[in-house]
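Enquirer: Sequence:
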Amino acid sequence: MSDLIICRCEGVYLSEILEARDNGADSIPGIKKRVRVGMGYCQGRVCQPIVRDILESKMDQRTKPPLQRAQTPVRPVLISDIIGNRESDHNK
-1 MSDLIICRCE GVYLSEILEA RDNGADSIPG IKKRVRVGMG YCQGRVCQPI VRDILESKMD
59 QRTKPPLQRA QTPVRPVLIS DIIGNRESDH NK
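Read in this note's numbering, the sequence shown has 11 at position 13, and its numbers run on one by one without any break.
To be clear, the hints were calculated from the coordinates, so they are not data collected in a lab.
Where hints are given, some of them may not hold.
Unchecked claim - The following label-pair restraints were derived from C-beta to C-beta distances:
| no. | residue 1 | residue 2 | range |
| --- | --- | --- | --- |
| 1 | ASN21 | ILE77 | 37 to 43 Å |
| 2 | VAL75 | PRO47 | 45 to 51 Å |
| 3 | SER25 | ILE77 | 34 to 40 Å |
| 4 | PRO27 | ILE81 | 35 to 41 Å |
| 5 | ARG6 | ASP79 | 43 to 49 Å |
| 6 | ASP79 | CYS40 | 35 to 41 Å |
Quick caveat, the model's predicted, so the values are computed rather than measured.
Ideal Cβ placement from N, Cα and C applies to all residues, glycine included.
Work out the full structure, taking the sequences as your base and the hints as a guide.
Expert: So this is what it looks like as structure tokens:
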């Protein structure tokens, strides 16, 4: 069961999340910083509730840990596109 993928975007397994928790991560941001769960394209919309449930069950918490707000994915921009636009501005 520890080879179950929890975060498909970043390829994070249940065993990695449990190891991070055993090494002191007791919150969603703590798990995220250690194993990159929730840092992929969906920004945790799919895996964060699962991680929250894992934390809740393993730590005997009575309240669910809060979820982090999802962020819009950043898209890469080619440097040539940036430079090209600046050069055309200078030629005016």
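Enquirer: Each hint: holds or not?
Expert: A quick look at each hint next to the structure:
For ASN21 and ILE77, the Cβ-Cβ distance of about 38 Å falls inside the hinted range of 37 to 43 Å, so the restraint holds. Separated by about 32 Å at the C-beta atoms, VAL75 and PRO47 break the suggested range of 45 to 51 Å. Against the hinted window of 34 to 40 Å, the Cβ-Cβ separation of SER25 and ILE77 comes to about 37 Å, which satisfies the hint. The hinted window of 35 to 41 Å between PRO27 and ILE81 holds, with their beta carbons roughly 36 Å apart.
In this structure the supplied range 43 to 49 Å is violated for ARG6 paired with ASP79, their Cβ-Cβ distance being about 30 Å. ASP79 and CYS40 have their C-beta atoms about 26 Å apart, which leaves the hinted 35 to 41 Å range violated.
When the structure is compared with the earlier hints, violations turn up for hints 2, 5 and 6 and for no others.
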